[in-house]
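Full structure from sequences and hints, please.
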Amino acid sequence: MSIFATKRTGEPVRNAFQLSPVAAGCAVFLSVFAGSAYAQATTQDNTTTTTSATSSVATQPASAEQAAAAAEPTPPGATPAPGVATVQVTGIRRGIEAAISIKKNSSSIVEAISAEDIGKLPDQSVVDSISRLPGVSAQRGRSSGKASDISVRGLSPSFNGTLLNGREMASTGNARSPEFDLFPAELMGSIVIYKTPDASVIGQGLASTIDLRTVQPLDFGKRTVAVSYKKTRLGVKHPDGLPEGDGKRATLSYIDQFANRTIGVAMGFTRYEETGGGQTTFNSWGTAEMDFAGGKVKTPGGFGYDTVVDSHERDGAFASLQFRPNKNFKSTVDLFYSAGETGQKKTGFEGGVAYNAGGAYELPHVLSAATVSNGVATSGTISNWKGVVRNHYEGAKDDLKTIGWNSELKIADWTTAADLTWSKATKLSSRYETTAGIPGRTQDSLKYTNFNGSNVSEVKYTPVSNYADRGVARLTDVMGWSGGETSPQAGYLAQPYIEDQVKAVRLTAKRAIEFGPLVGTSFGFNHTSRDKSRTGDEGRLVIKGGAGPYAAVAVPGSDVAQAGASGFNVVSWDPRGSLGSVYELANKVDADIYNKFWDVRERINTAYVMGDMEGELFGLNYTGNVGLQAIHTNQTGGGYVIDKARCVGNTAQTCPAQRVAETDSYWDVLPSMNLSFDLKNEQKVRLGLAKVVSRANLDDLRAGGNFGLATQGVSILTGSAGNPQLKPFRAKAFDLSYEKYFGNKGYVSAAYFYKKLDTYIIRAPRAFDFGPFVTPTTPLPLTGPYKGSTQGLLTQPTNGDGGNLKGWELAVNVPFSMLTQYLDGFGVMVNHSDTKSNVNLPESGFANVNGDMTSIPLPGLSRKVTNLRLYYEKNGFQIAAAARKRSSFLGQVSDFQDNAQLTFIKGETIVDLQASYEIQRGWLKGVSLYAQAQNWNNAPFLEFTTDEENPSNRRAFGRTYHFGASYKF
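Residue numbers (this note's numbering): 12 to 980.
Honestly, the hints are just simulated from the structure, not real lab data. Do not take every clue at face value.
[Stated by the list, open to error] When the alpha-carbon atoms are kept at most 25 Å apart in a straight line, the in silico BS3-like pairs for lysine-lysine are as follows:
(1) LYS979 with LYS241
(2) LYS847 with LYS767
(3) LYS248 with LYS917
(4) LYS655 with LYS607
(5) LYS817 with LYS751
(6) LYS471 with LYS435
(7) LYS259 with LYS357
(8) LYS309 with LYS458
(9) LYS847 with LYS875
(10) LYS241 with LYS767
(11) LYS738 with LYS767
(12) LYS743 with LYS702
(13) LYS695 with LYS751
(14) LYS412 with LYS438
(15) LYS979 with LYS259
(16) LYS408 with LYS607
(17) LYS896 with LYS875
(18) LYS233 with LYS338
(19) LYS655 with LYS798
(20) LYS248 with LYS357
(21) LYS309 with LYS471
(22) LYS357 with LYS471
(23) LYS885 with LYS936
(24) LYS767 with LYS936
(25) LYS691 with LYS751
Have a look at this one:
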């Protein structure tokens, strides 16, 4: 069975794998009632609070909205519609009580967040809000400093399943789930994290399933319109004193009901723009020795300075149309749209001191006029030197469209449902690298001072020429990095393109029964079709119309900027849109580039049966469910095979590739059980048992790869490839939780979890026969045990052994008014988790690990995670202070070639503050003014290799301030 294909095609796989024009089918809203309805009324300051229980959140997406909608009062004289509760709490308490209601009435172990008001989650982003929950931690982005990825219970972000209104979505990265940046917080009504699954949850993850939910209009008691506008300052009090950035954000939400509440409409729109404050980065080339005065002296090796500015733009919209003509039929259409652009502009300068920068045009460096102390050249002048001005742009334009249509019909004792999903995502990335400097073989000089032998980041460098002068620094092939005169390269451009399309149909039926402990049963079938591909162009940038290899043109515009912390300015410009006007693209292909082109086709059929249970055991009443999922997967990976011996250039003619594809199929059977025991006095013990899976990242399923003759050690053919026969990560899970509730006002909980990882995907070599891909020009081993043999070693993703993961969580969420009325309005949310694992993975099993070690821990695992939020809310005032802390972990970032890279990230604590006031009476009633501060403590982003006290990379971002106003009527 060949990892390279045994099947060939003469046309792109995207044509071979087209889906049928129309997906047939529909999905299911299941509702398993885990307990009787709960209601509580409290009289305090002449305010009545009433809450009602919701159905099992694991199977009814609307239940979270019902909890959140409870804060909407019913108009005077009106009768509340089914599923609508009357509540007079607002703001922070509203969000907390709605979330507690979701957690309390779920049949599974879940965590939840509910909007504090229409279009207002507790934090600025979905990730910030989720990261406050027990057992959840966030990783900040290396470039923006914003929380971007979520780890649940010590597992990497790719182990989470992410849903929108209970449906799977297309994604814009190599992972299956979409990036959270695609979901503006203002468009979310609630977020539920299932820590234990049940059989009705489709698209579940091994670590958790995160369900993002928009509001449902018929869950609200009246028309509601909300608008908000916000201004932002970024990079405030930056430790390097760089300029601040700014931004703006506007949101409109509209919810209404018509035709005697048989039709409901909800719409939301948001737009934001941000330009970040400057960040400085420094890249040291270490130290080295140079010849001087007949001996050797120590000097800096070289340097690189950058000033980095991020930019973000996004338009988001959702719409929901509900039709409920009677109690037996309901139909809902949900639409979601998100499109945006993220970018990072780098303005920098680099050059060698002892080291040559590696180009064909730079001569060997000569040290002169040096001051030497104890063998260290503390200052000096470097001649035969060339410096490079870098104006790079790395960005992406993405687009996500999702449509879902759910219809539910009650027929006699049966409740049937059908659900259709269509989701498409695209992402076009652009990585412009441009160089400016002195053209051709003309040399410059560099002076440096303040070197003591080790303080490489504190050395003062001064180029003799003025690189802020457009007459000096011109766009050109400064160094001859691509080979010199025969292959000029004035820059580089890579434009990878990802397209993903998901279609799904789901059919379900349920009814009440009486059979022993079973009180209800449900059945379902789901079919998901997914087609995803990664293509693109990349290659050398050459000066358009340039005469000869030394062609040069003036840098457009007149801007200059400081190159990081260098202390001197350089020419600055934005290279976007320069292809065709300034540059021409000389397309490039080689083995590494071909490996980035792939496509994957999946057809997944899931059937499930689940029984709802209710009874008594050991004198304790219990509710719960037991179920089984049977999943059949058919997957096809496409790609290219490259014989490195035949790849003698960087064009399609000089580096030929062979198109391949391979198909595999397999079954997974996933039993699950959830039990909730009533200990009386609003106490519960929950038990969860399940077998869970997470599918491999889609790029790991690609076919194709490259191979060649190993030149070191044993002479043998070796290669690397994807693996279309890869199976999912698989695990068995045990969860136990104790929860004590105080109505819907607060709770305390303690939980223990254990996961037995049966398999873990790593990259490992295996014996492989390269015979089908060997040509007469392929060199074979001439000596050793493999002399003349096509047998060799192929390194590819494979299902290796796992280990165990276990931990505990504590959470307290209470208002202080429970202790004394003198503290009315104050409250606290605090949680802590401690996670351990005996899994040590071979470093060789992962590509691009930043560090020098033989084994690595689980990616995403922080041993300790703590979250704290203190708040005060009364008489229209809302004040909150929050902190999240996680210990050091192995995180994932992108390298300069758009590849995922694992790097150690030092533990950090992030402090956020917010305050707001809502006008309570008069003609301005409903107007709120607010201010928020993120990263108040100015925590940097620190990477390290082996010692966390000696960071290898430091990024500072400063504080972010938000000021805004909103109006709800």
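LYS847 paired with LYS767 [C-alpha distance capped at 25 Å]: holds (12 Å)
Are the Cα atoms of LYS248 and LYS917 separated by 25 Å or less? Distance ~22 Å between LYS248 and LYS917 Cα, so the pair holds.
Would you mind confirming whether the straight-line C-alpha gap from LYS847 to LYS875 stays at or under 25 Å? Cα-Cα ~9 Å, so holds.
For LYS896 and LYS875, compute the direct alpha-carbon distance and say whether it is at most 25 Å. Cα-Cα ~8 Å, so holds.
Would the pair LYS817 and LYS751 pass a check requiring their Cα atoms to be no farther apart than 25 Å? holds (23 Å)
For the pair supplied as a hint, LYS309 and LYS458, is the alpha-carbon distance within the 25 Å limit? holds (15 Å)
Between the alpha carbons of LYS259 and LYS357, is the straight-line distance 25 Å or under? holds (23 Å)
Proposed proximity, LYS798 with LYS655 (alpha carbon, max 25 Å): holds (19 Å)
Holds or violated: LYS309 to LYS471, with C-alpha atoms at most 25 Å apart: Given pair LYS309, LYS471 holds - Cα atoms ~16 Å apart, limit 25 Å.
Please verify whether LYS408 and LYS607 have alpha carbons no more than 25 Å apart. holds (19 Å)
Between LYS357 and LYS471, is the straight-line Cα distance small enough, at 25 Å or below? holds (21 Å)
Given hint LYS259 paired with LYS979 - CA-CA distance at most 25 Å: holds (19 Å)
Comparing the model with each numbered hint stated earlier shows that hints 6, 10, 24 do not hold.
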